[in-house]
Structure formats: C-alpha cells, structure tokens
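> Take a look at the letters that make up each chain.
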Amino acid sequence: MQRFLNDPDDIVDETVAGFVRAHADLVRLDPGNPRVVVSRLAGQQGRVGIVTGGGSGHEPAFIGYTGRNMVDAVAVGELFSSPTAKSFHDAIRAADGGAGVAVLYGNYAGDNMNVKMARKMAVKDGIAVETVVANDDVSSAPLAEREKRRGVAGEIFMWKIGGAKAATGAPLAEVIAAAQKAIDNCRSVGVGLGPCTLPAVGHPNFSIAPGKMEVGIGHHGEPGVRIEDLKTANAIADEMTAIVLDDHNLPAGTEVAVLLSGLGATPVNELYVLFNRMAQQIEARGLVIYRPFVGNYFTSLEMVGATLTVMALDAELKLLLDMETACPGL
Amino acid sequence: MSSIDSAFLIAVFRRAADRLEAERQALCALDGEIGDGDHGTSMANGFAAINDHLRGMARQEATPAAVLRDAASTFLAEVGATVGPLYATAFLHGARLLEAGDLDRQQIGRLVVAMADGIKARGQAELGDKTMIDVWYPAGHAAIAAAAEGGSPAEVARALRMAAEQARETTVTMIAARGRASRLKERSLGHLDPGGASAAIILAAIADTLASAA
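As they're listed, the protein sequences go chains A and B.
Quick note on our numbering: the first sequence kicks off at 1 and runs consecutively.
Quick note on our numbering: the second sequence kicks off at 1 and runs consecutively.
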C-alpha cells in the first residue's frame, strides 16, 4: 500500500500535532508532555477526571474521544504500543480536579503494567486513582476467563458512560461503577480480511491468504479463533452477530447500543452492508436497537475488516449514553 | 578484585544500545511473527535514551546504583509497551542489590538474577511461559555457578553468554503463556521469543564488558 509518510519514526508525533491543530477548540497538548492530549475542559474543580491511553494507529481512538463529557486526558503510545508510565501519570495529573481520576483502559499487558506504575506515582502526589479494564473481546478468551479478554471497541462505550457519569458530578466510586457496568455489558468480535503494516517495519505483521478471513482477530492482528473461507457479507454479519449474542445471552426485549467499526481499510459503504444484516439479526433475537453507531470508530492502521460491539442497556446507561457530548471521534 | 562500578555499567549500556540498534529490524521481525512487531523499536529506542542520559551524568560521582536508578526512570519516561515497566523494574531491583553493598565483577550473576526477579515481579510470568525471564534466569544462574567454581571473570563471562544463547534458543520450544503471543497458544511454538532474543543481546553485552575489562 502507498502511504502518506515522512520519516516513519515521526509518525506518532505528526499525528498528534495534526490532531491538536484540527481540534484546537476541544483539545490541547499537555505543556509538559507531548504524548498527552488534554481536553480544554479537563481538571474542573470537584469533578472526577477521566483518563485513558493506548498505542497509536487506532485513530480516532484514543485521542479522538477527548472532549466535553468524555475523556479528559489521553496518554499516547507508539504505534500499537502502550504509552509510558510517565505519560499515564501526566495524563492523570492533567485530568485531576481534586475529586480523583478514573483510568479506563484496555486489557493489554503493557497498558496494565504502565497504568499500575502510573497509579502508584499519582497516589504519591495525593491523587485518588481507580481503574476499569475493558475486556469486551469475546474471541480472546472463554467467558469463564473473562479477565483474560482483550479490550476493543467496547472501550468507546466505557468512556462515553464514564465521562457522562463524571459530568453529573458523581463521586469517583460511582463513576467507576458506571464505567464497569458499561464494559461488563459489552461484547465485541472482530473479523479480519487483510493485514496491516507498521510503517517502520515495512511489511505486514501477519498474513491473511486470498479468499480467507480470520474470525476473532484482535486490534493488533492478534490471531483469531479460526481461519475460514471468505463468505458473503450477510454470512459474515450472521457469524459476527451470533458470536457476540451467544456470549451475551440477553433476554428478549433488552435494549442495546450497537457499534460497528471499520478496522481502517474497509470502505464505509461495506460497513452499512454488514449493518443492514446485523440489525435484522439482532432484532430477530427479540432485542431492541436503542442506538446504533456505524463508522470508523476504532481502527487498526489499514487492516481490512470490522468489529461489532453490542452493549446491553438499562435506564442509567441509556441516560448516560444520551448525554450531550463533544469530541472529535463521536 | 574490581567491583561493578558505574563505569562498568555505563559501558554495558553503551554496548547494549549499539547492538540493539543493529538488531532493531531483526527484533521487530521476530515480534511480527508472534506479537505486534514493535519490540525492536522499543528496545533500541529505550537503550539509546538511557545511553544519552548517562552521557550527561558525572560518572565519577555516580554510584552504580544511581546509574541503574537513572536507567529505570529513563525507561519509564521513554519506553511504554511492556518492556518499559519490565526493564525499569529490573533496573530498580538491580539498584537495590548494589545499594546493599559492593559486588565483585565475578558476582555479576547475582546482579543478573536480581534483575530477573524484578522482571518476574512486574510481569508475573513463570519460568517456561516463553518470556524474557526464560533467558535472564538461566544466564544469571550459570554465571553464579561459574563464579562459585572459582571461575575467572573471562570464564564467568563465557558461562553467562553461552547460557543466554542456549536459553534464547530454548524459547522456540515453549508455548507462550504471557503477553500478546499467549493468545496464539500452540501457534507460538517454533518461534523465538522476541523478548528472549533482546535479553540475550543485553546479556551478551554484559558478558563482553566483563570479559574485556578482565
């Protein structure tokens, strides 16, 4: 694939610089750390701060969810690589308004360790820090070992709900509880049709043979649960919906939020083709789609493929999902 | 008998930084097989940052423990991924050992094992999980054994290097149980662990510094 590229080593700095220029009404760079993007409204007195972070290459995640009633500060890592402990620490400091900080992040080894070390540093500063770890990716481990599952696009719902709860003025424990409920209520699956390449490496990280697809693929090309022959869009939509809903096991009548995200190189029109069928399948199970999102919300460089996330809703989650928000990603 | 001083550690970091830089692409390619392909970048950039930082340190005044503490804070500030916190904790455990008292160079294995303990404490991996500790521990134990047998610094260095190389190859036969490769399960068999490969590079830099100083 031909790329818009200067020096591959500068790509993250240039991405962040361009992002901050494009969305200067909503975000700024942390003055002390160029790998921390901060909402212009961060650090409001008495309000719980929301922090996340992760590797780059997933845009609009993670930086794109910085904004009003959303994430207050984001630690930015190298491509597909956890941010440093120092960046998470600086993000926590930037988000703190005296009421504590909720760090809402995905279940990856690097992020787990860096957040843990950052939390220790922040607690030394006198900041109360609690965490929620997203683990919505059904294919990455069995339900009985949910704590091993990776976090994927369900993180967006976790941030939305956590950010909205913080906006109500709720204390840290309630913000954490709401974000935890959001991710507990999420299930996701990814299907990959084509690999992606880290520009500095220069060749794809993994391969998907022509005519094949990888079901259950991770956000960094982590291998899925099975490789199958490429099917029609409808058949793939059916399979993805079944994987998510079989794991979810929701009673008929449950209202759900649905998020279908492209992985970077899939045309948006194909996402609508998939969604057309997925919505029918979800409704056929007696579920009610309260609010759908279709687009490129959480990508993996130029991977070809899509992820489906379904979040079961209750009255509280509906209220928080509907709270007005302003961020580049949603 | 000379002890592990700051000049020794600075020489180790310089040597390791040069070699990790030379192996940057190879490590990324290994990581691309069973991980996400960034390991060479993290390691080469991280050690380069340590090296840059140490150059600014007044080496006469710095204690060896201070060199390791400085390396740890550089890693926490410059390297994310998993290797940032893992090696930062390794350096901190090494610093703690050296703060407890001077260590003769023949006793390098004790420093290597202390660093391995730090990695294990942070990453919670067990031996055999196909991670960098599968290289750090055998290398450290081999060096301790060579010193216990009265080996010269050159002999200790040789034992350290050989054990590291052998342990690196042994990771090919392991099934990953930690880190991103663990999602591959049996499909990780037959691949060299990238963290083990970079560990062997660092351990060889330690061994060669020991041998050349002897």
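Derived by calculation from the structure, the hints in this document are not laboratory data.
Heads up, a few of these hints could be off.
[Stated by the list, open to error] Restricting the straight-line Cα-Cα distance to at most 27 angstroms, the calculated cross-link-like pairs of lysine-lysine (BS3-like) are:
no., chain 1, residue 1, chain 2, residue 2
1, A, Lys231, A, Lys212
2, A, Lys148, A, Lys116
3, B, Lys185, A, Lys120
4, A, Lys120, A, Lys148
5, B, Lys185, A, Lys124
None of the values given here were measured: they were computed from a predicted structure.
> Does each hint hold? Answer for all of them.
Consistency of the hints with the structure:
This hinted pair checks out: lysine 231/A and lysine 212/A have alpha carbons roughly 8 angstroms apart, not beyond 27 angstroms. At most 27 angstroms may separate the alpha-carbon atoms for a hinted pair to count; lysine 148/A and lysine 116/A meet this at roughly 17 angstroms. Only pairs whose Cα atoms come within 27 angstroms are accepted, and lysine 185/B paired with lysine 120/A is rejected, the gap being roughly 32 angstroms. Between lysine 120/A and lysine 148/A, the direct Cα distance comes to roughly 23 angstroms. Compliance with the 27 angstroms bound is thereby established for this hinted pair.
For a cut-off of 27 angstroms, the pair hint linking lysine 185/B to lysine 124/A is broken: about 39 angstroms separates their Cα positions.
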